[in-house]
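There are 2 protein chains.
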Amino acid sequence: MSVSKDAKYAYEDFHEGREFQLGPVVVTAEEIVAFARQFDAQPMHLDEAAGKASLLGGLAASGWHMTSLLMRMIADGYLLESTSEGAPGVDRVDWKRPLLAGDSFGGTTKVLSRRLSRSRKGLGLVAFRHELRNQRDELVMVCEHSAMMALRDAERGA
Amino acid sequence: MSVSKDAKYAYEDFHEGREFQLGPVVVTAEEIVAFARQFDAQPMHLDEAAGKASLLGGLAASGWHMTSLLMRMIADGYLLESTSEGAPGVDRVDWKRPLLAGDSFGGTTKVLSRRLSRSRKGLGLVAFRHELRNQRDELVMVCEHSAMMALRDAERGA
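Going line by line, the protein sequences match chains W and Y. Every position in the first sequence, counted from 1, becomes a number in the numbering used here once 1010 is added. Every position in the second sequence, counted from 1, becomes a number in the numbering used here once 1010 is added.
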C-alpha cells in the first residue's frame, strides 16, 4: 500500500496505550462448517454432535477461522484506513475458550509499543495486542503481532 | 476427538525430530481474492495491480490465508489420522516472503519436543515447527505451535 497523507491512521496515530474497538461479529454454524471444509476438517469443526463429544463442547470454529475473523475486525476497525505496509508475523495466539456456533466475537486492540524502523526511513513498527471475548464477556482469544506503518511525515525516522 | 487406539498417530508416535511432509498446494488468484473478500480486504490481496505496486510485488495471499492453508496441509499430513485434542495456541508465525497467485506452497513439519501433560493423565503436548517453501525452494513461512495428543496407552502419563 502506498503512503497516503490522507490515511486516517498513520504511524504517528498509534501511540502506546491507544485502543480500537474490534467487531463484534456473530459466527454461524454455516460459516464454521464452510471454513472447516476448506481448511480444517476436524470433526468438532464440522458436526454439532462431534463437537459436543469433544473438549470444545459444541460445534466450534477452527482456531484459524478465529484468527481470520480477527483479521476482518482489524481491517474494518482501523487497518483499511491506515498506512499499513503489512506485518512480518505473529508473536503469539492463545485460544482460551472455544468459539461456538451463534457466539459473538469481539473486543479491543491495544497499542503495546512502537518504534521507528532501523532500516527504512518513513516506516515504523507498531506492536498490537488483541483481546477477543464472547457474549458472556469471557476471554476467547488473545493475539499479539506487529505491523509496519508508514509515517505521515515521511521525512522522519531511520 | 475421542481417543482411538486405531489412530495412525498417537502421542507416542511424535518423537523428537520426526518429520512429516506438508502439501504442496498451489494457490490460485481466485482463491486469494475469495479469502481476502471475506477476511482481509487489503488492496494487495484483492487486485494484481495493487499487489504489484505494494512491497509484495504481485497479487499476494493474506498471511491468514497462508496459515489456513498450512492448517489444511497439517490436517491432510497427519492430524486427521491422529489422536489430536486441539491446540492451545500458536507460538510464532513468520511471514518471510509473499505467496503470490500461482505459487506452490508446501514443506515439512518437524517435532521439536514433547512432554506429558501435568494435569491430565493420558495426554501429552507436542511442539511442532512448520517450514513452508515456494516452487523456487525459498522459505515463505515458518510457524511453531503445540498440540495436545492423547496417548495410545492412556494409562501412562500425569
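Rather than coming from a laboratory, the hints here were simulated on the basis of the structure. Fair warning: there could be bad hints in the mix.
Since the list can't tell identical chains apart, any single copy or any two copies may satisfy a pair.
Restricting the straight-line Cα-Cα distance to at most 25 Å, the calculated cross-link-like pairs of lysine to any residue (SDA-like) are [claimed, not checked]:
no., residue 1, residue 2
1, LYS1062, LYS1131
2, LYS1018, ALA1059
3, LYS1106, VAL1035
4, LYS1018, GLU1041
5, LYS1062, ALA1017
For each hint, the structure was consulted:
Taking the closest pair of Cα atoms, LYS1062 and LYS1131 come within 25 Å of each other only across two copies (21 Å); inside a single copy the shortest separation is 53 Å, beyond that limit. In this assembly of identical chains, the alpha carbons of LYS1018 and ALA1059 lie at most 25 Å apart only when taken from different copies (23 Å versus 46 Å within one copy). Within a single copy, LYS1106 and VAL1035 get their C-alpha atoms as close as 18 Å, which meets the 25 Å cut-off; across copies the closest is 30 Å, which misses it. Taking the shortest Cα distances, LYS1018 and GLU1041 never come within 25 Å of each other, neither inside one copy (31 Å) nor across copies (30 Å).
For the identical chains of this complex, LYS1062 and ALA1017 are inter-copy neighbours only, at 20 Å across copies versus 46 Å inside a copy, given an alpha-carbon limit of 25 Å.
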